[in-house]
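Listed below are the residues making up each chain.
Protein chains: 2
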Amino acid sequence: MKRLIGVFMAVCFSIALFAENGHNLWLRNKSNNPVNIVSKKSSATLAIAKEELQQGWLGEANSTVTLLVKQDKTIKGDGFKLTTNNIQANTDLGILNGVYELLRRQQTGEAIQDAVINPSYELRLLNHWDNLDGSIERGYAGLSIFWRKGDDAFKVTETDKQLWKEYARANASIGINGSVLNNVNASPDMLKKETLERVKAIAEILRPYGIKTYLSIKFSSPAMIGGLKTSDPLDPEVITWWKNKVKEIYSIIPDFGGFLVKANSEGQPGPQDFGRTHADGANMLADAFKPFGGIVMWRAFVYSPSTEDRAKQAYNEFMPLDGQFRDNVIIQVKNGPVDFQPREPFSPLFGAMKKTSVMPELQITQEYLGHSTHLVFLSTMWEEFLKSETYQEGSGSTVARCTDGSIFPQKHTAIAGVSNIGLDTNWCGHHFAQSNWYAFGRLAWNDQLTSKQIADEWIKLTFNQTSSDNSKQPLFSPDWIVNFLNPVEEIMLESREAAVNYMMPLGLHHIFAGDHHYGPGPWYAPKGLRSDWTPPYYHKADSDGLGFDRSPTGSNAVSQYHEPLSSQLADPKTCPEIYLLWFHHLSWDYKMQNGKTLWDEICYRYDTGVQQVRDYQKEWDKAEPYVDSQRFGEVQSKLREQCKNAQIWKDACLLYFQQFSKRPIPYDIERPVNVLDELIKKDMKRH
Amino acid sequence: MKRLIGVFMAVCFSIALFAENGHNLWLRNKSNNPVNIVSKKSSATLAIAKEELQQGWLGEANSTVTLLVKQDKTIKGDGFKLTTNNIQANTDLGILNGVYELLRRQQTGEAIQDAVINPSYELRLLNHWDNLDGSIERGYAGLSIFWRKGDDAFKVTETDKQLWKEYARANASIGINGSVLNNVNASPDMLKKETLERVKAIAEILRPYGIKTYLSIKFSSPAMIGGLKTSDPLDPEVITWWKNKVKEIYSIIPDFGGFLVKANSEGQPGPQDFGRTHADGANMLADAFKPFGGIVMWRAFVYSPSTEDRAKQAYNEFMPLDGQFRDNVIIQVKNGPVDFQPREPFSPLFGAMKKTSVMPELQITQEYLGHSTHLVFLSTMWEEFLKSETYQEGSGSTVARCTDGSIFPQKHTAIAGVSNIGLDTNWCGHHFAQSNWYAFGRLAWNDQLTSKQIADEWIKLTFNQTSSDNSKQPLFSPDWIVNFLNPVEEIMLESREAAVNYMMPLGLHHIFAGDHHYGPGPWYAPKGLRSDWTPPYYHKADSDGLGFDRSPTGSNAVSQYHEPLSSQLADPKTCPEIYLLWFHHLSWDYKMQNGKTLWDEICYRYDTGVQQVRDYQKEWDKAEPYVDSQRFGEVQSKLREQCKNAQIWKDACLLYFQQFSKRPIPYDIERPVNVLDELIKKDMKRH
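In the order they appear, the protein sequences are chains B and C.
The first sequence maps to residues 1 to 687 in the numbering used here.
The second sequence maps to residues 1 to 687 in the numbering used here.
Accuracy of the hints is not assured; some may be wrong.
Chain copies aren't distinguished; within one or between two, either way the pair holds.
[Unchecked claim] Below, simulated PhoX-like cross-link-like pairs (lysine-lysine); rule was C-alpha separation at most 20 Å, straight line:
#1 Lys193 to Lys243
#2 Lys161 to Lys40
#3 Lys622 to Lys149
#4 Lys30 to Lys155
#5 Lys247 to Lys193
#6 Lys618 to Lys662
#7 Lys622 to Lys662
#8 Lys245 to Lys681
None of these hints come from the bench; they were simulated from the model.
Next up, chain B with everything else stripped away, as it sits in the complex:
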C-alpha cells in the first residue's frame, strides 16, 4: 500500500489580494480613458449608454464614439451595427446593447470587427419564482430582491431602487430585456392594487435599461379576488374581468410585457377545471392583451399521475392544440420532457409544434444541480440542448433554430431562464453561479455561442485583477492565463458533466430525495405518494437491470421524436449512452461501448464524478494567488461541501443499486464511506 508521494511545492502561498464580495458581478471594470461621445438624440436609455461609455472606455484615449439611432433593415429588433468607434441601431435599446458589447470586447480583448449583431430571440426573459412574502421557490441566494413581508412590504426604499438599478444594469449588460417578477405558482394578490403599484415602481427602474416587466398570474384570480362565481375562460364575466384587469395594468405600467401562466399543472387551477383547453385559456388572456401589444406565455409543464409515462404527457396534451393559439401566445416549454434534470434529452415539443410560437424555459437556479453549493456551469447543458438535432425540418433543425425563428415563422421568439438571484451580497449564493446568469443572457442573445467563449468572457470580466488598481487595462498575463484562466475554464466546462457523473450518469434521472431536490434518494417512495413523485418510478431498478424503458417495447416515448432520431433512440445500440437509461431498461451485464458492463460503468461514472470534484478543489487551491481572498475562501468552502456531497451521491446510489445488481463495485474504485441504512434513515427522518 503506497504512501507519501511527495512533490516539493514551490508555489507562492497566501498572497492576500484585496477582498471582493462579488456584488459587482462581471461589471467590475472601473477604468476610464477619456472618450468623446457624439449622439444627436437623448433619452434615459441613451444617457445610460453614454455614462457606461464614459465610465468604462478602454479604447484609445480621447477617441470619438458616435451613437446613431437610424433605421436599417439589416438590424433586427434591438440589435445593432458595430464598428470600432460607431454604434448604430433602430432603437435606443439597440444602442445600449451595442455599448455593452463594445465595452465587453474591450475588457476581454476580443477583436471589434465591423458587424451587424442581432439577437437570436426577440424576448430574453428572467423568470423569478419569487413569492409576495419574499421567499423564493427553489431560490438559494437569500430572499427576493422585489418582495418582502412585514410592515414595509410595499414601501419603496432608496435601497430597493439602488438594488433594482444594479439588477437592471447587470441584465442589460448581457442583453436580457424582460423580467417576470413573481413565482409561476402565483398568488392572486399579485393583481391587487398595492402590488401593482410596487410593480410600477420596479418597472420605472427597469425601463431605461430596456427591461420590460411581466407577471405570473393565477388562473382562478377572477373567482379568488374578483368576486366572480367562476374563472371559466369562456364565461363572459370572466373575459371582461381579465380585459379590465389588463387595461388597469397598462394604465399603471404602459409598457407592461404580459403574463406567464402555469395552469393545470401540479395542482394549479386552469381552463381544464372548467372543461376547456389550454388554448381556450391562453387565447382568452391573449385577446385581453391584444390592444396593448402584450403577450401570454403559457407553460407546457403539465403531467398527471396517470398510467402514461410522465415524459410523454406534455407532448400528448399540447400537440393537438398546435395552430389553435393566438399569435401573441407563446408556449413555454422546459428544455427536457421531465423537469430540469442534470441531463435530459430535449422535449419533443421543440420543432414539433410548427404553427405555434414555442419558447424554451431553462433553469438558471440550480434546483437539481446542487443549489448554491455546487459549482456547476450550466452553459454546456444549455448549449447541448440548443444544438440538439430535432430533424423536424431535416438535418440542421436544432432546437435553437426551431425556436429562434430561423425555421418557423413564429410571430414571437423568446427564451426564459428561471432566475438564481436573491438578496445575497453576491446575488447568486455561489460566486460561480453568477456565470449561469451571465451565460443565460449571452445564449439568449446569441444561441450559437460556445460555452467556452462564454466562460472565457465571464472569467476575464469577473476575475481580472487590474480592475481595482490604477492601470487602465485589464492585464491577461501569460501566467494568469496558464495558471488561472485555463484551469478555471476547464473546471467550468467540465463541471456539469461532473455533476451528471456523481448524481445521475447514463440517463438516470430524478432520483433525488423528496422535496429538496438536493441529495440522493433513489429509495424514496413513501406509502401513498403518487408514484411519479418517487425515484423508483424513474430508475426502475430491479434484479434484471436498470432504466426506464421508453422504447417501443416500453412507453414508446421515442415515438414522439422525429425520424431518424426516433429509431436511433429506440435502439440501445444507437442511443447515445448519455441518454441510455432514460430510454432503456437494460441488464446489469449490458455491454457498454467501452466493453464494460452497465453495472461497472455506473460505478466508474459515479467515482469519476467524485474524482472530478476533488480535482476542482486542487485546481482552485492552486489558483489562490490569483483570486482575492474573500472569493477564494468562499469558493473553496463550497467546493469542500460539494466534494462531500458528491461522495454521498456516489455512495447512496451505488449502495442502493447494488442491492439489485448484487455485483461488486470494481475493486480499483475507492470504496463507499457511507452506510446505506444510515443514509436512508437520515433522509426519512427529514420527511
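Chain C: place on chain B using the hints.
Here is chain C on its own, set in the frame of chain B:
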C-alpha cells in the same frame, strides 16, 4: 483530468457464507477427533482441561494424551511442559494453560515442539472500568457483563453465569489469570455486603478457569461507608477498618486477588488528602492483605494542574518512594507518561524504579484509538512499548525485561489491560477489537511474541472457514492465505500506524475533542478549563512551529530517561521522528530526514492515514468471499465510518494548524472536504 481507469474484475461476488455474530471469539473450533485422556488427578480445573481436549482435539484420532501435575523446577508459576501428547505442570491451571496451547497449535497448524513454556508475568489481569450501575467508563461495547442497575441488579441469573463462564473460558484460553471487576474510579458501595455477594458468585464461575477476582476501591471508603471520621491511612481506626474489610472479603472469596487503587488522581481521594504519601496509603492496605496472600496494585497515573509538565509528574512523585513499598504492593504504570495516546514514548518510571514491583497498564479499550469503530490492532503498539530500550541496566534493558523479572528481582510481576468487553453480542463492539483482547492475553503470557505471530494466530482462529462444517481440520488453502490471511494481517499490522497518521503523527498527542476522546479538537480550550486538559497545552502550535519542548531548553522531561536515550531524545536530529513533536517544538520549515519540511511532512502523514484506511476498505471488500456475511458486513460498515473519521481528522488538524503555519497543503495531496469553522462549531455545540 484523468478518469475512468477501468480494470475488468473477475472476482466472484456475493458468496453467502453462513452468518456468524462473533460471540464465539477465537474459540470457534468444533472439530473433535476422538482422544483418550490419562490423568490421575481430578479437579474442577482439570475437568475443564479434559473437556476442552475432548471437544477440540485435532491431533491423530484416538491418540492418548497424558495430563500430569508434578513439580518441576524448570516450570514457573502456571507454566507447563508440552510435548505432542503430554502436558506436565506444577498446578492444575498449568495443565489447563497447556491444553489451550496445544489446541491452539493444532488449530493454527503451528508445530508442537517439546518445550517448557513459562509465562512472562505472574499476574495477567484485565481491568474492567465497569460501574455498579452497569455503565462502563470508556466502554464501547455495551453495558457491563458484571453489573447492572434495576430491581434485579444483584440477582445472579443463569444467563449471567453462562456469560461469565464464556468470559472465563476466553480469558483462560489466552492465559489471563485475574480480573479487576470494577472501575478504578470506584464506588465505595463496591465493598458493601450485597456487592461482595455478587463478587462471590462471579468468583465461583471464574475460579475453575484459574482466574482470580480483584476489586478497585475508593480510598475514602472508611469515612464514606465505614462511619469513620477520617480515611487517613495512618489512623488506627482506619487501619483496623481495612483489616476487617479485607478479612470479610476473604471469608466470602477465599482466593481473592487484591485491590487496585486510583488515589490522588483526577479528583480521587488518597493518602495525600491527609498529608501522607502514596507509600503510606499502599502499605497500609498491603499490610491488611499480607495474611491472605493478596496484593495491592497502586496506580501511578497522577498529575495536577501545576506549572510542571504533566508528562514529568508521575516520575517526580513516585521515584522518591522507590524502595518504600511493601513487597505485596505493585505500582501500576500506564505505558506512556501521559495517557494511552495513539503513540507515546514509554513512561520513564519503567526500569527506573529498581526496588519496587512495577507493572505496565495497557489499554485494550480504544479510548483514544477510535472506540469500537476504528479497526486498530493494538499489539504493535504494545510490542513497540515492551521492546523499548530503557538502558537502565545497559543495552537490552527493554521495558519487558525491566518488568517481567528478567532484570530486577521483583517479588511480583504483573501486567494489566483495561478491558474492551461489554454486553455486545461480539463482546468488543468491533469484530477486530477482539484481536486486542486476544493480543493482550498472548503478550501478557509471552512478552517476546511478535504482533505478526499474534495476528496470524488470531486470524486463523477467528476466520477459518471449516470450523462449522464437518471436516475435522481447519483448512488454510493457498487461496485463503493469499487472498484473506495475508491482506488482513497486513491491515492489522499497519492499522495502528495508520491511526497515528490520521490522528497524531510525528509525536503529536492529546489533540482530541474534549470529553469523548474520539474526534479531533486541536482548538479545544474553553475559558477556565485547566490547561492540561486542553489540546493547545500539548501541541503548542504557534506561528513559529509546532510541538512540546521537553528538551533541556524546555520542560527537560528527557532528563527522566537514562543515558544514552536521554541525550538521543534531547536532540531533534537524533530523536526518533515518531516522537519528534512529543519532545520538541520545531519550526514549520524544520527539515525532516526525507528532506521535506515539517509542515509538508505533517500534511503527507495525515493524508497517508486517510489513504491507508481507504486501502483497508478495498482489501476488506475483496475479502468478502472468505468471510461470513454478518461479520463481513459489520466490519465493512465500521471501515466506512473509520474512513469518514480519518478524513475529518486530517481536515480538522491540517486546517487548524494551517492557521499557524500559513503554508499551503502540498498540491498533490487531496484537499480537505470539511470546513474548519463548521467542525469547530459542531464540536463546541456538543459541550
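Each hint tested on the structure:
1. Taking the shortest alpha-carbon separations for Lys193 and Lys243, only the intra-copy value of 16 Å comes in at or below 20 Å, while the best inter-copy value is 95 Å.
2. Taking the closest pair of Cα atoms, Lys161 and Lys40 never come within 20 Å of each other, the shortest separation being 29 Å inside a single copy and 105 Å across copies.
3. In this assembly of identical chains, the alpha carbons of Lys622 and Lys149 never lie at most 20 Å apart, being 43 Å within a copy and 58 Å across copies at closest.
4. Proximity of Lys30 and Lys155 under a CA criterion of 20 Å is satisfied in neither setting, with 32 Å inside one chain copy and 84 Å between copies.
5. Proximity of Lys247 and Lys193 under a CA criterion of 20 Å is satisfied intra-copy only: 13 Å inside one chain copy versus 95 Å between copies.
6. In the homo-oligomer, the alpha carbons of Lys618 and Lys662 lie at most 20 Å apart only across protomers (17 Å), although the nearest pairing inside one protomer, at 35 Å, exceeds that limit.
7. When the C-alpha separation of Lys622 and Lys662 is checked against a cutoff of 20 Å, the pair qualifies only between copies, where the shortest distance is 15 Å, while the shortest distance within a copy is 41 Å.
8. Proximity of Lys245 and Lys681 under a CA criterion of 20 Å is satisfied in neither setting, with 50 Å inside one chain copy and 53 Å between copies.
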